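Protein chains in written order, with numbering that gives the first Met the number 0: chain L, 0 to 398; chain W, 0 to 398.
FYI, nobody ran anything at the bench for these hints, they're computed from the structure. Owing to the predicted nature of the structure, the values given are computational and were not obtained by experimental measurement. Please note that the accuracy of each hint is not assured.
Stated by the list, open to error - Straight-line C-alpha distance at most 27 Å; calculated DSS-like pairs for lysine-lysine:
hint : chain 1 : residue 1 : chain 2 : residue 2
1    : W       : LYS188    : W       : LYS225
2    : W       : LYS137    : W       : LYS92
3    : W       : LYS137    : L       : LYS272
4    : L       : LYS161    : L       : LYS131
5    : W       : LYS228    : L       : LYS92
6    : L       : LYS272    : L       : LYS161
7    : L       : LYS137    : L       : LYS161
8    : L       : LYS161    : L       : LYS188
9    : L       : LYS348    : L       : LYS383
10   : L       : LYS272    : L       : LYS188
11   : W       : LYS92     : W       : LYS225
12   : L       : LYS228    : L       : LYS92
13   : L       : LYS6      : W       : LYS188
14   : W       : LYS272    : W       : LYS161
15   : W       : LYS92     : L       : LYS228
16   : L       : LYS6      : W       : LYS272
17   : L       : LYS92     : L       : LYS137
18   : W       : LYS6      : L       : LYS188
19   : W       : LYS228    : W       : LYS188
20   : W       : LYS188    : W       : LYS131
21   : W       : LYS228    : L       : LYS228
Unchecked claim - Under 8 Å between C-beta atoms, here's a sample of chain W residues computed to sit facing chain L:
hint : residue
22   : SER10
23   : PRO23
24   : MET34
25   : ALA45
26   : VAL47
27   : PRO260
28   : GLU337
Heads up, the beta-carbon is just placed ideally off N, CA and C, and yes, glycines get one too.
Protein chains: 2
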Amino acid sequence: MDTSTYKNIVSFLPPARTLMGPGPSDVHPRILAAMARPTIGHLDPAFVGMMEELKTLLRYAFQTENALTFPVSGPGSVGMETCFVNLVEPGDKIIVCRNGVFGGRMIENVRRCGGVAVVVEDVWGTAVDPGKVEEAFKVHSDTRILAFVHAETSTGAQSDVKTLVDIAHRYGALTIVDAVTSLGGTPLKIDAWDVDAVYSGSQKCLGCTPGLSPVSFGERVVDAIKHRKTPCQSWFMDLDLVLAYWNATQRTYHHTAPINPLYGLHEALVMLKEEGLENAWARHALNHRALKAGIEAMGLSFFVSESQRLPQLNAVTLPQDADDAEVRRRLLADYNLEIGAGLGDMAGKIWRIGLMGYSSREENVLLCLRALEETLAATGAQIKTGVAQAAAKGVYAVK
Amino acid sequence: MDTSTYKNIVSFLPPARTLMGPGPSDVHPRILAAMARPTIGHLDPAFVGMMEELKTLLRYAFQTENALTFPVSGPGSVGMETCFVNLVEPGDKIIVCRNGVFGGRMIENVRRCGGVAVVVEDVWGTAVDPGKVEEAFKVHSDTRILAFVHAETSTGAQSDVKTLVDIAHRYGALTIVDAVTSLGGTPLKIDAWDVDAVYSGSQKCLGCTPGLSPVSFGERVVDAIKHRKTPCQSWFMDLDLVLAYWNATQRTYHHTAPINPLYGLHEALVMLKEEGLENAWARHALNHRALKAGIEAMGLSFFVSESQRLPQLNAVTLPQDADDAEVRRRLLADYNLEIGAGLGDMAGKIWRIGLMGYSSREENVLLCLRALEETLAATGAQIKTGVAQAAAKGVYAVK
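Chain L with its partners taken away, still in its complex shape (with noise of 0.2 Å):
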């Protein structure tokens, strides 16, 4: 062993950032506070009844009354893979839109299932087409599901959930939805829009820490694992174990739960609960409007058009000679800032500006603003300067 390497390793005292990218966003005092409780036993009575609580909470945050909600012990890209596991067959046919990274890590997952995978395609930046997904089941009138991104976290587009739910159902296929981006921070609403399997993340508009993945699914995605020809490829993924675990009636042992990261998404979810979750739709709602008025008045311009434009991030296109790379060192090295950087395709096109969770406010907005607006300055871009605050603050003024 060479000790050389080790040895001078201490204690890591993290800078204290102001987390405006895509995730994760900042997380409120009190729900690092909860992170630091005492841990107990994951089959401790306080932390069953916990964990009960826990399901309720998302059930709310789903607006759901399915059974089956609760938290899965990894990040969202493990929630993305709980669902198709469990429901994709070896064979079966599985429409995916892709109009972002995450519609094609779904072609990923289908294809490692042995699932076919039919894409409708949509231009980044937009939303996913009705037309082409019907067009799409016209042709593939034997597919299984269709799955599809409700908040592109790539690109900053939202799509219709209920209107491509209607026509999955219309055509017999079950839904797979991504929330990651959307749960908490933009109307999602299970029941209502009739949504079979759903997954999404514990550090976007929830405003917890990263590594947890919040899902839910409905009474057709329960019978379907019931009625699988095939046993589940993963092991611990798998929803006929897992549920013998998050069932309170018969707790069977599957794995140690991270006790103290469901802690903290236990009390980012009674801090949504206590705001109540319109008023958290509202609240991302309007700090979007603020940051939108002063991006637009230092003559920058968003990347997808109104209709289709997430609230909670928002992605900026490059104003003409910026440097991508610098302008975000100089964010981060100045302003402890972090913005996102623009991902596969996006990459030095746009930068994605996230109002999400605790990150959502009216002070984040505002420093977002300045800080962009000097270095942008600064650096040589073309934009116009002193004016970007008073126009944020105008929409506070009127909210």
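Since the structure of chain L is already known, use the hints to place chain W on it.
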């Protein structure tokens, strides 16, 4: 929505327990404090630096120079599945040793990857028999992998890693070792013993909160993954993708890392480094000897024979007339003390007393002996009273 159910839920304040079951263990206040530090972005240069330190510290804990050493973003079960989905291809023959619950879980993993499991059975509570493994290789010379558990959490038996790995390598097979309960608590030397793939958990002898699974892979594994004939069936666990993320020189977005739990693991490993790995092993051994002295003074006996016994997980046979559930219920209610029940076939036959991580200290040993003695006596079990504390203290006096 039935609004009556969620409206009354408030912040969760867990009771302060002493955790002496099979994990999670007590978490040191320094680690809890680290969990509550401000969340930063997963691509922040400060976070990337911490990840590099984490990998270095894990190499120290595993006693390896393996480049591919990192924490999987999920519980130990995800670490296990990561090993199997990357190494097992359909039709591969795998010798799996089963001497407890977790060997059985390995078999499940092999089958779900399309592999053929050749099962070497040993009586629960005993170590894996190298002679049986050698016989299995003689019959199945086309075996690709040998998989076994170092420290069986369900029974407290310890197997001889070096001897078993040597057999596998003589027959040209790779090795997967479950070190969930051994890492940091009992000697584990990945390079000296030439282990190919190993996974562990954060919440056992490292004394961190549950939810992360440290893994390490040698060059033979990297080579095997490069030469796979079929794609890995899991997107989330595909090491090709995960490595592009954990690789410092070219950080490709894969998933959002669980930031705050990683702060906790970093702090746990810094504490391990401060104590020294050999000192941590010695501490686990000492507290085991003290507990053993007290347990035997009470007239109770160990389920596993001395030479195969894990110091950090003590399987104690229930005394005559002991009421399993009632004793554990009283320990929790009257002493805030959690010990573990028997798992699977061992339910109702043994208790599992963990002395792992921060739980491995004198005050825990003495509390456990006192609480167990008083509770067993009060519930009419046949034990000797008034001698356990002195027996344990005698061990500490001569340490």
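Against the structure, the hints:
Pair hint LYS188/W plus LYS225/W holds up; C-alpha atoms about 25 Å apart against a cutoff of 27 Å. Our distance criterion of 27 Å between C-alpha atoms is met by LYS137/W and LYS92/W, whose separation comes to about 13 Å. The straight-line distance between the Cα atoms of LYS137/W and LYS272/L is roughly 63 Å, outside the 27 Å bound, and the hint therefore fails. As the CA atoms of LYS161/L and LYS131/L are separated by approximately 15 Å, the hinted pair is consistent with the 27 Å bound.
With a CA separation close to 24 Å, the supplied pair LYS228/W and LYS92/L stays within the 27 Å bound. A hinted pair counts as satisfied when its Cα atoms are at most 27 Å apart, and LYS272/L with LYS161/L qualifies at roughly 24 Å. For the proposed pair LYS137/L and LYS161/L, the alpha carbon gap of about 19 Å is at most 27 Å, so the pair holds. For the suggested pair LYS161/L and LYS188/L, the alpha carbons sit about 9 Å apart, so the restraint of at most 27 Å is met.
The suggested pairing of LYS348/L with LYS383/L holds, with an alpha-carbon distance near 19 Å, which does not exceed 27 Å. A distance of roughly 16 Å separates the Cα atoms of LYS272/L and LYS188/L; the hinted pair therefore holds under the 27 Å criterion. The straight-line distance between the Cα atoms of LYS92/W and LYS225/W is roughly 19 Å, inside the 27 Å bound, and the hint therefore holds. At roughly 15 Å between alpha-carbon atoms, LYS228/L and LYS92/L fall within 27 Å of each other, so this suggested pair holds.
Taken as a hint, the LYS6/L and LYS188/W pair is honoured in the structure, with Cα atoms around 18 Å apart against an allowance of 27 Å. Annotation: proposed proximity of LYS272/W to LYS161/W holds, straight-line Cα distance about 24 Å (limit 27 Å). A C-alpha spacing of about 24 Å is found between LYS92/W and LYS228/L, which places the hinted pair at or below 27 Å, so the restraint holds. A distance of roughly 7 Å separates the Cα atoms of LYS6/L and LYS272/W; the hinted pair therefore holds under the 27 Å criterion.
Taking the CA atoms of LYS92/L and LYS137/L, the gap is near 13 Å; set against the 27 Å cutoff, the hint holds. For a cut-off of 27 Å, the pair hint linking LYS6/W to LYS188/L stands: about 18 Å separates their Cα positions. A hinted pair counts as satisfied when its Cα atoms are at most 27 Å apart, and LYS228/W with LYS188/W does not qualify at roughly 31 Å. Only pairs whose Cα atoms come within 27 Å are accepted, and LYS188/W paired with LYS131/W is accepted, the gap being roughly 23 Å.
Proposed proximity of LYS228/W and LYS228/L is supported: the alpha carbons are some 25 Å apart, at most 27 Å. Given the 8 Å rule on beta carbons, the hint for SER10/W holds: about 6 Å separates it from the nearest Cβ of chain L. Interface restraint check: PRO23/W against chain L, minimum CB-CB distance 5 Å, threshold 8 Å, status holds. The interface hint given for MET34/W holds, since its Cβ lies 5 Å from the closest Cβ of chain L, which is under the 8 Å cut-off.
Given the 8 Å rule on beta carbons, the hint for ALA45/W holds: about 5 Å separates it from the nearest Cβ of chain L. Restraint check, VAL47/W versus chain L: the minimum CB separation of about 12 Å is more than 8 Å; hint violated. Using the Cβ-Cβ criterion of 8 Å, the hint placing PRO260/W at the interface with chain L is satisfied: the shortest such distance is roughly 6 Å. The closest approach between the C-beta of GLU337/W and any C-beta of chain L is roughly 5 Å, which is under the 8 Å cut-off, so the hint is satisfied.
Comparing the model with each earlier hint shows violations of hints 3, 19, 26; every other hint is respected.
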